Amino acid sequence: MKKLIITLVAVTFLLLSCKKQSQTDNTNDKIEKKATTFSEKVEVAHNKDAFLANEAIKFDVLIEFGGNEILDATISVATTSEYAIIEKKDGNKMYINKDKVFVSPELKDDPSVRFHAYTWSYFFLFPYKLNDQGTIWNDTYKTNETVANFDTAKLTFKANVGDSSDDWYIVYKNKETNVLDNVAYIVTAGKTNEEAEKDPHAIKYEDYKLINNIPISNNWSFWGWNSTDGLTNKIGSAKITNIEFIDGFKETVNAIPADFISK
0 MKKLIITLVA VTFLLLSCKK QSQTDNTNDK IEKKATTFSE KVEVAHNKDA
50 FLANEAIKFD VLIEFGGNEI LDATISVATT SEYAIIEKKD GNKMYINKDK
100 VFVSPELKDD PSVRFHAYTW SYFFLFPYKL NDQGTIWNDT YKTNETVANF
150 DTAKLTFKAN VGDSSDDWYI VYKNKETNVL DNVAYIVTAG KTNEEAEKDP
200 HAIKYEDYKL INNIPISNNW SFWGWNSTDG LTNKIGSAKI TNIEFIDGFK
250 ETVNAIPADF ISK
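So that you can map any letter, position 30 of the sequence shown is 29 in numbering that gives the first Met the number 0, and since no number is skipped, the others follow by simple counting.
Calculated directly from the structure, the hints in this document are not laboratory data.
Just so it is clear, the structure is predicted and the values come from calculations on it, not from any experiment.
All C-beta atoms in this analysis are idealised placements derived from N, C-alpha and C, irrespective of residue type, glycine included.
Keep in mind that a hint or two might mislead.
Computed list of lysine-lysine pairs in DSS-like fashion (alpha-carbon distance at most 27 Å, straight line) [stated by the list, open to error]:
#: 1; residue 1: Lys157; residue 2: Lys141
#: 2; residue 1: Lys238; residue 2: Lys157
#: 3; residue 1: Lys47; residue 2: Lys141
#: 4; residue 1: Lys153; residue 2: Lys128
#: 5; residue 1: Lys174; residue 2: Lys141
#: 6; residue 1: Lys97; residue 2: Lys128
#: 7; residue 1: Lys208; residue 2: Lys197
#: 8; residue 1: Lys197; residue 2: Lys249
#: 9; residue 1: Lys99; residue 2: Lys128
#: 10; residue 1: Lys262; residue 2: Lys88
#: 11; residue 1: Lys107; residue 2: Lys92
#: 12; residue 1: Lys40; residue 2: Lys99
Quick list of the computed label-pair ranges, beta carbon to beta carbon [unchecked claim]:
#: 13; residue 1: Asp198; residue 2: Val146; range: 22 to 30 Å
#: 14; residue 1: Asp258; residue 2: Ala147; range: 50 to 58 Å
#: 15; residue 1: Glu144; residue 2: Asp258; range: 44 to 52 Å
#: 16; residue 1: Asn173; residue 2: Thr240; range: 22 to 30 Å
#: 17; residue 1: Thr240; residue 2: Thr35; range: 47 to 55 Å
#: 18; residue 1: Thr155; residue 2: Thr251; range: 33 to 41 Å
Assemble the whole structure, with the sequences as input and the hints as a guide.
So, in structure tokens, the structure goes:
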């Protein structure tokens with residue numbers, strides 16, 4: 000009887016172990032199936048689901064190009080990117096509500112308002128915007144660089160998507176971790192497509208730190224770029240500090256001061 004009990008316990012343990020292993024294998028299969036495309040692998044590496052579980056994120060940003068300060072501000076933005084507030088260190092503000100921008104009276108004649116309103120938040124949220132409506136991916140795109148340390152793909156957009164649907168992005172991700180390394184791009188705002196393609200730039204994401212187990216770059220560098228040499232000359236930098244997730248943001252962003260001007 001004692002031997003029979005021991006045998007039954009052993010068999011039960013074996014069956015439970017096999018079941019547990021089967022469940023683990025199934026979970027791993029689901030993870031693999033979830034991240035099959037280039038963009039999906041980047042999203043998983045950047046813990047997109049955990050990021051979007053938060054309402055909004057807030058951070059300070061100091062951006063410089065050619066030794067000149069471009070923006071020194073605190074940006075609060077919904078994790079879905081729909082809403083944002085940019086508060087410059089001089090006290091002026093921008094409220095962004097989808098495709099509408101409202102600014103302090105002092106900014107009414109500033110031609111760079113819409114550029115600032117969307118560009119820096121987009122770069123910050125880039126790992127979570129890869130499969131937005133209207134995105135088109137070419138996962139087989141390759142540059143002509145001789146050193147291929149990264150996987151690459153090209154992102155374009157359907158017509159009439161966003162402020163500049165003619166923009167494109169060449170995305171580089173780490174071969175092992177799938178985390179973003181750098182992104183080449185053109186900016187067509189105020190330019191023809193041909194003019195923009197004569198001067199492509201790139202943003203390199205550096206100094207990743209975990210915020211609630213989500214990898215977020217704390218330093219960006221901006222570069223000239225071409226498809227043969229990749230990154231060429233450094234032209235700017237951005238420092239990201241005081242990163243924190245916030246709640247109750249929608250109520251705040253909807254409280255637009257009465258004297259603010261639509262741009």
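Does Lys197 sit within 27 Å of Lys208, going by the straight-line distance between their CA atoms?
violated (34 Å)
Assess, step by step, whether the Cα of Lys107 is no farther than 27 Å from the Cα of Lys92, and give holds or violated.
holds (11 Å)
For the pair supplied as a hint, Lys40 and Lys99, is the alpha-carbon distance within the 27 Å limit?
violated (32 Å)
Are the Cα positions of Lys99 and Lys128 separated by 27 Å at most?
holds (19 Å)
Holds or violated: Lys197 to Lys249, with C-alpha atoms at most 27 Å apart:
violated (40 Å)
Given the range 22 to 30 Å, decide if the beta-carbon distance of Asp198 to Val146 lies inside it.
holds (23 Å)
So if I understand the rule, the pair passes when the alpha-carbon distance is 27 Å or less; does Lys238 with Lys157 pass?
violated (32 Å)
Verify the CB-CB distance for Glu144 and Asp258 against the hinted window 44 to 52 Å.
Once the Cβ atoms are compared, 51 Å apart, the range 44 to 52 Å for Asp258 and Glu144 holds.
Straight-line Cα separation of Lys157 and Lys141 no greater than 27 Å?
holds (21 Å)
Pairwise hint evaluation, Lys141 against Lys174, where the allowed Cα distance is 27 Å at most
holds (14 Å)
Does the Cβ pair Asp258, Ala147 satisfy 50 to 58 Å?
holds (54 Å)
Run the distance test for Lys47 versus Lys141: straight-line Cα separation, threshold 27 Å.
Holds, at about 25 Å.
Violation of the numbered hints given earlier is confined to hints 2, 7, 8, 12, 17; the remaining hints are satisfied by the structure.
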